[in-house]
Amino acid sequence: MVEEGGGGGAMSFLKRFPPPAEGVRHQQPDTEAVLAGRTLGAGTLYIAESRLSWLENSGVGFSLDYPTISLHAVSRDLNAYPWEHLYVMVNAKFEEEESKEAPMAEGEEEEDSDDDVEPIAEFRFVPSDKSALEAMFSAMCECQALHPDPDDEDSDNDYEGEEYDVEAHELEQGDIPTFYTYEEGLSHLTAEGQATLERLEGMLAQSVSSQYNMAGVRTEDSIREFEDGMEVDIAPVVAGQFEDAEVDH
Amino acid sequence: MEVSHSVKERTIAENSLVILLQGLHGHITTVDLRDESTATGRVTNVDAFMNVRLVEVTFTDRQGTVSRLDELFVTGRNVRYVHIPDEVDIRATIERQLQAIHRVRYFGGRDKGRKEFPRAKHK
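For the protein sequence lines, the chains are A and B, in the order given. Counting in this note's numbering, the first sequence runs from 1 upward without gaps. Counting in this note's numbering, the second sequence runs from 250 upward without gaps.
Worth double-checking, as some hints may not be accurate.
[Said to hold, decoys possible] EDC-like, lysine to aspartate or glutamate: derived pairs with alpha carbons at most 20 Å apart:
1) Lys93(A) with Glu305(B)
2) Lys15(A) with Glu122(A)
3) Lys130(A) with Glu32(A)
4) Lys130(A) with Glu84(A)
5) Lys93(A) with Asp129(A)
6) Lys93(A) with Glu118(A)
7) Lys257(B) with Asp149(A)
8) Lys130(A) with Asp319(B)
9) Lys257(B) with Glu142(A)
10) Lys15(A) with Glu95(A)
11) Lys93(A) with Asp65(A)
12) Lys93(A) with Glu344(B)
13) Lys15(A) with Glu32(A)
14) Lys15(A) with Asp65(A)
15) Lys130(A) with Glu305(B)
16) Lys130(A) with Asp77(A)
17) Lys130(A) with Asp65(A)
18) Lys15(A) with Asp30(A)
[Said to hold, decoys possible] Which residues of chain A face chain B? A few of them, derived with a C-beta cut under 10 Å, are:
19) Ser58
20) Gly59
21) Ser63
22) Leu64
23) Pro67
24) Val74
25) Asp77
26) Asn79
27) Trp83
28) Ile120
29) Met140
30) Ala145
What the hints contain is simulated information worked out from the structure, not anything from laboratory work. C-beta atoms are modelled at their ideal positions from N, C-alpha and C, and glycine is treated no differently.
Input sequences plus hints: build the corresponding full structure.
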């Protein structure tokens with residue numbers, strides 16, 4: 001347990017550890033961390049796939065595991081808290097100094113006595129660069145989604161659906177994508193690839209519509225994205241023309 | 250109406266009422282959390298694990314303090330109730346979501362083939 005803490009006073013949960021090296025989706029320097037209204041100092045927030053970490057500039061900090069995080073949010077309501085920040089509610093208790101003389105923004109000290117209820121700790125991460133809040137929020141959403149609740153007894157999640165088995169069999173490796181979804185694939189195209197895609201799409205739309213005088217116009221609504229990356233127009237298509245086509249995965 | 254790109258998530262959704270929540274994209278709804286706080290906002294995403302993403306949120310914490318949050322992500326584990334807005338037709342929403350999943354699944358045949366053909370194809 002490292003007793004030193006930049007924010008004044010001993011926060012015994014602060015430890016020294018190296019910043020995460022892998023799976024860091026977002027990193028935000030010059031970010032203040034606040035626990036229950038009490039500042040822990042300025043440091044860097046690391047939003048990594050394995051855990052959320054914050055390291056003060058002096059090198060001590062703490063980590064939060066995603067399963068313990070109940071929710072996170074972007075707060076720009078200056079009436080509630082004077083600085084725009086990323087709010088993170090954690091299902092755990094963190095030791096903090098007893099000093100209640102420090103003015104707290106929303107009377108969180110009342111929560112300390114609610115020990116019979118679930119423990120809750122409220123963290124606020126205040127970046128000096130407010131415009132980063134969107135990216136920080138999104139990165140956290142992505143990482144949270146990687147940690148679904150293992151104790152979920154209510155849902156019957158043995159997905160033995162036909163689709164799941166067949167697909168898992170076809171793709172040799174279960175969930176690892178072997179092809180791009182439309183959006184992913186698009187971003188991997190070079191400018192030339194993009195031009196080629198547009199030309200081919202144009203040709204396809206043209207050939208079908210000119211032959212059969214199709215009423216439908218391709219709009220965003222009529223395009224559905226499919227896992228195999230094929231973009232299919234679900235507006236009425238001519239019967240027979242492609243019926244025997246093989247869909248290549 | 251969006252369908253998850255993940256096979257696993259589609260299968261989970263199809264076999265649970267999460268599919269109804271996924272049909273609430275764009276609607277303003279209230280989510281009651283496990284710790285008795287509530288969040289009212291516009292749904293932008295619900296995944297198969299019932300993680301809910303809201304924007305333009307009015308958040309009331311368990312002490313009753315109200316604040317605004319631009320965006321909120323609640324983990325499925327911490328959702329107690331999701332209020333279905335009155336204007337939502339529950340049955341129609343579930344059917345629509347199921348259709349969206351089936352369109353994705355049965356594209357390309359696998360003995361099912363294309364079902365829809367235009368009425369006026371050869372005139």
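These are the hints, each one checked on the structure:
no. : hint                     : in the structure
1   : Lys93(A) with Glu305(B)  : violated, 29 Å
2   : Lys15(A) with Glu122(A)  : holds, 19 Å
3   : Lys130(A) with Glu32(A)  : holds, 12 Å
4   : Lys130(A) with Glu84(A)  : holds, 7 Å
5   : Lys93(A) with Asp129(A)  : violated, 29 Å
6   : Lys93(A) with Glu118(A)  : holds, 9 Å
7   : Lys257(B) with Asp149(A) : holds, 15 Å
8   : Lys130(A) with Asp319(B) : holds, 13 Å
9   : Lys257(B) with Glu142(A) : holds, 17 Å
10  : Lys15(A) with Glu95(A)   : holds, 13 Å
11  : Lys93(A) with Asp65(A)   : holds, 13 Å
12  : Lys93(A) with Glu344(B)  : violated, 43 Å
13  : Lys15(A) with Glu32(A)   : holds, 17 Å
14  : Lys15(A) with Asp65(A)   : holds, 15 Å
15  : Lys130(A) with Glu305(B) : holds, 18 Å
16  : Lys130(A) with Asp77(A)  : holds, 13 Å
17  : Lys130(A) with Asp65(A)  : violated, 24 Å
18  : Lys15(A) with Asp30(A)   : holds, 19 Å
19  : Ser58                    : violated, 30 Å
20  : Gly59                    : violated, 30 Å
21  : Ser63                    : violated, 17 Å
22  : Leu64                    : violated, 13 Å
23  : Pro67                    : holds, 8 Å
24  : Val74                    : holds, 4 Å
25  : Asp77                    : holds, 4 Å
26  : Asn79                    : holds, 7 Å
27  : Trp83                    : violated, 13 Å
28  : Ile120                   : holds, 6 Å
29  : Met140                   : holds, 7 Å
30  : Ala145                   : holds, 6 Å
In terms of the numbered hints stated before, the structure departs from hints 1, 5, 12, 17, 19, 20, 21, 22, 27, listed from lowest to highest.
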